[in-house]
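*Asks:* Taking this note's numbering, the leading residue of the sequence shown gets 17, the next gets one more, and so forth.
Treat the hints with care, since some could be wrong.
[What the hints assert, rightly or not] The list that follows gives simulated cross-link-like pairs (lysine-lysine, DSS-like), each with its CA atoms no further than 30 Å apart:
# : residue 1 : residue 2
1 : 492       : 407
2 : 947       : 918
3 : 947       : 61
4 : 61        : 50
Everything labelled a hint here was simulated from the structure, so no lab data went into it.
Just so we're clear, the structure is a prediction, and the values are computed from it rather than from any experiment.
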Amino acid sequence: MWLTTALSAAAIGLLPTLASADVLSLSDLSWTLKNRNGSIVIPAKVPSQAHLDLLEAGIITEPLLGINDFSQRWIVDDDWTYTADLTPFGSKITNDTTALLVFYGIDTVANITVAGHPVAWVNNQFQQYAYDVTDHILSPVGDDTNLTVVLESAWHYGLNVTARPDAEPALAIDFEYPGVRHYIRKIQSDFGWDWGPAFVPSGIFKPAFLVTLTPSAVDAIVAPASHPLLASTGSVFIEESSLEISKVGQTSTTRADQSADWNVNVTLAVRSVIASDAPTLTVAIPELNITSGPLALSPIPASTNASTFVTAKFTVPNGVPELWFPANLGTPRLYNFTVTLNLDGNGAGASFATRSGFRTIELIQTAYSQEEIDARGITPGDQWHFEVNGKTFYSLGTNIIPFDPFYARTTSAQARWVLESALASGQNMLRVWGGGIYQPSDELTGGYDFYSICDELGILAWSELIFSDALYPINKFYLDTIEPEVRQNVRRVNRHPSNAQWAGGNEIEILVGFVNQTFPGGGRLLDEFQTLFGEFLHDIVLQEESSVSYTDCSTTNGTLSLDPYVLRYNNETPGFIYGNTERYNYDPTVAFDYSTYPVARFVNEFGWPSMPSFYSWEEVLLNPEDFSFNSTVVASRDHHNPAMGLTWPNPNSVDGQGQMTRAVELILPTPNTTNSNQTFAQWCWSTQVFQSLNMASEIAWYRRGAGLGENNLGALVWQLNDIWQGVSWSSIEYSGRWKVLQYGLTNIFSPVVIYPFYYANNETLEVLVTSDRWETVEGSAQLTWYDWSGTQLNTSTVPFSVPTLNNSLVFQATGLDNIVPPGHNASDVFLLLNITAQVDNRSVTQEQYFTPTTLAQANLVDPLINVTPGDDLTFTLSAQGGVAPFTWLDHPAGTVGFFQDKVTGRPANGFYLIPGIDRTLQFVLNPALSKVANPDPMDFVVRSVWNNTHL
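Using the sequences provided together with the hints, build the complete structure.
*Replies:* Following this line, the structure appears as C-alpha cells:
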C-alpha cells in the first residue's frame, strides 16, 4: 500500500489543512535488520536499536535479565544494517519535489545510502542530520529503491581510531569497555559505568522523516503547527528553531537588570526551495495580546543542501508577563508563542506554536565584597550559587542519568514519573549528568519529552555537554564533529525556562588537575583541556545563548574572570572558598562524621550506594539461588568499584558489597532470619535505610551552612534514577519504585526542617531548625523522649524564628548524661523531634529522630505492627507493642506509585511508628506505568528494623 500521509492526527496535534509538503515518518516503512554476515535477518523498527529488534524477534531474551549484560556482548562486536524500501513514499516524490531525509539521532557510526547512492557517513549520536536526497530517489542505481543505514560496531570503530598511528593520545577512566569512549561521540555510559551495564547499543534511535517540499504547492498559512517540523507549507522546512528570552542587555557573563524589558530572540534554520529577498518573522503571545509585527530577516536563498540561519528579536515590556519560577518558590508560568515565517508576502512560509516562560536564572560566581564578609561573617572567596529572577535561592535536588540502557524504549510516561517524583520530594533542580544524553524537548523528534515537562512542573535542569571523566582529543576532525552537536543542542534547549546553566562536562577539571600533577605529559593534557573547555566549548555556547551561564565542568574551582573567561585552577588564597565541590567517602565509620563533610558554597554530587528492592531483583534474577546478597549474579550487578575492563564477573564488586555490608552492620541489627528470601529482602532494604540516613545527615549539614561562613546554597544528591536493576546510588529504582532515600529526601528537603546534629567525639547534641524561605519563618519545635516500649518520658516545646536562608538553634547539650532523660540508658530511648511552622500561608510539619546509640545497640521491643486496609488503597498502621523504627510499607510487584500521608498530603514512608500514634497512608498509583491496575490490599507488605532478625 502506498502511504499518502505521514503522521496520524493524534501524533501531530494541530496540523494545517494544506495541499502542500508532507512530513513522512520513516516509522511507517517496513524495516529489516541484518548482521554483518547475513546470518540474522529480522523485521525491525525505527526508532529502535539492534538489541530491541533482536528481542522483539525472539533472537535474544530481555537484555537486563540475569547475566545478559555479559552473555550478549556478541551483539556489540557485530555490525548491523537497517534497510527499508522507499517505494511506499514514491507518489510523494515527483520531478518538481525536493525530498529531505531527516534523522534526529543515529547511534552512532553509520553509512547512509538511498537508492544505491551514498548519502553520508556519520559518527555523532548527538547530532541531527538532514540531506537532500531528491536526485538519489529519482535516479536509483539499478532497481535499488532502499534506504539503508549500515551501523559499524562502535567498540570496533573506537579500537580502530585509537590504533591509528596519528591517534592523538588522550586519557579516560575506564569502567568496562576500555580505552575508546572518549574518541566517540556517543553516550559515555554505554561503555559501562559504576552504576550500570555496558551494552554499547546501535540503531536509528530517534525518530526520522522524509520531508517533501514543492514550490508549486498552495502555501497559504492556515493555522500554526504544533511543532516546527510540521510547520512546512510546501516550500520551507524549518530544520531547527531557537526561542530565547532574556533581559535587554543581559549576556551569559553580565548580570541581568531586573527592571529591564525582555528580549525575545528567535532563530530559525531554514531550507527553502524558493528564494526570498525580504522575508519577515512575526511572533505572537496570545495570552498577553502581544504581536511583534513583521520583523525583517536576512535574505533566504533557494537552498536545500544546507540550512540558512535567520534571526529576529523584539522586546516585551517589563512587568507585563508573569514570571516563571521553580515550583517550590512560585508558579512556573508558561506562555504560548506563535512564530510565523513569511517569504516576500506571497503567502509562502511556515507557522508553528511553542511554549516558553519569562525568567532570569543566573549562576553567581563573583567574589564576595569586604562589606558582605564583615556584615554577614562570610568566609572570603567567590560566590557559587543560583539566582532566579534576581533572588538568591537554595538549590535542592539530585543528579539524573539515562533512563534506560536503550534510549529508544524510553517513554515520556517514564520520564514524567521520575520528574514528578522529584517534584513531590521537594526538589527544585536536577543536574543532567554529562556522561549520558542531551535530554530531549519533545516526543516527535526526541522520542520522549524531558525539558518541556521540567518547564511545566517547575523544575530547573542544570544541563551539561556530553563529556565525562576523560581528557578528550582536540584534533580538527574531533572538533569539527563536536561543534554542530553543541550548537544544535544549545539552540534547541534555549526555549526552555527550566534550563539553569550549561556545564562543559562532568568532573573533568578535577581529573585534569590530578593528571597535571602526577602524569608525565600532564601539562600537555592540561593545555588541551583549556583549549577544549576553557575556549572552544565556552565560545560556542556563548555564541548560541545569552540567558544562562557557562561553567567549564560540573565540579570546578571557579574563575578568575568571566569576561575574558579565565579559569582559576589552583590560583587560591589559603582560607578562601572557591567554586563548588562533591563528596564521596565509602568508609561507613565516618558517614556521620561532620568533620569529613566539605565546607563549601555548593555541593553538586554526594551519595552512598544501596541495593534495589527484592521486587526489582525479582524482575531479573532467574534462579532461586541467585536471591542472596553475595550471589554471583547479584554481585555481578555491583559495578562499584568497576571492572575497568571486560573481565566478568566484576572482580572489584567485592569492594561495593563490602561497603554496604559494613554500613548495615554498623548501625542496624544484622539481617538474619530463618527465611532466606526475607533475609535477602531485609539486607536490600537495610542498605537503603543506611543510604537514606547518610544522605539526610549530609543534606542537613549543607543546608545548615547557608547561615554560616560558607554560605552553602546548593545540595544535589547523586543520584535520582536507575538505568537497570542493580547496585547504585539512586533514590528511585529502574521500575519507578521509590527507595527509602526518596522518602527521606521528601522529609529533609522540606522548606523548614529540624535536625539533630550529634558530635560523638564530645557527646554534644545540637538541634537546629533550618529554612530556605525568602522570609522569616516562625513556629514551634517539640522534643519528646520515648523508650522503645513507646512510653513517653518527657516533652518540651521551643518557639523558633528563622531568618531568610538561615537556621536557629533550639536545643544544645553536652554529655549523654545531660542529653538522655535521667534514670535511662542510652540504648533504651530515642528522641522524636517535630516542628510546626507557617510557610507560604500554609501549615508545615516535619519530624526527625535522634537515637543516642545505633539501632544495632538499641533494646528494641517487638512492635506488633497492625495494618488495617481501608478504601482507595489506604492503610492505617498502628504499633500494638513497641516502637517500630523505619516502618516501611511496600506496594506489590507490577505497581508503580508512592505512599502519601493522609494528614499532611505529603509522601511518607520509613518513619518511626509509635504506640498510640497511628499513621494512615494512601497508595497513589501511577496507572500509566503499573502493570497491575487494581492491586490487592493483601499484597502490600509491612516491615521495620525489627524484621531484620524476626519473621
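*Asks:* Would the pair residue 947 and residue 61 pass a check requiring their Cα atoms to be no farther apart than 30 Å?
*Replies:* holds (24 Å)
*Asks:* Is the Cα-Cα distance between residue 947 and residue 918 30 Å or less?
*Replies:* Holds - the C-alpha atoms of residue 918 and residue 947 are around 25 Å apart, at most 30 Å.
*Asks:* Regarding the pair residue 61 and residue 50, is the alpha-carbon distance no greater than 30 Å?
*Replies:* Given that 30 Å is the threshold and the Cα spacing comes to 12 Å, the pair holds.
*Asks:* With a cut-off of 30 Å on the C-alpha distance, tell me whether residue 492 and residue 407 pass.
*Replies:* Not satisfied, since the Cα-Cα distance of roughly 42 Å exceeds 30 Å.
Checked against the numbered hints listed earlier, the structure breaks hint 1 alone; every other hint is satisfied.
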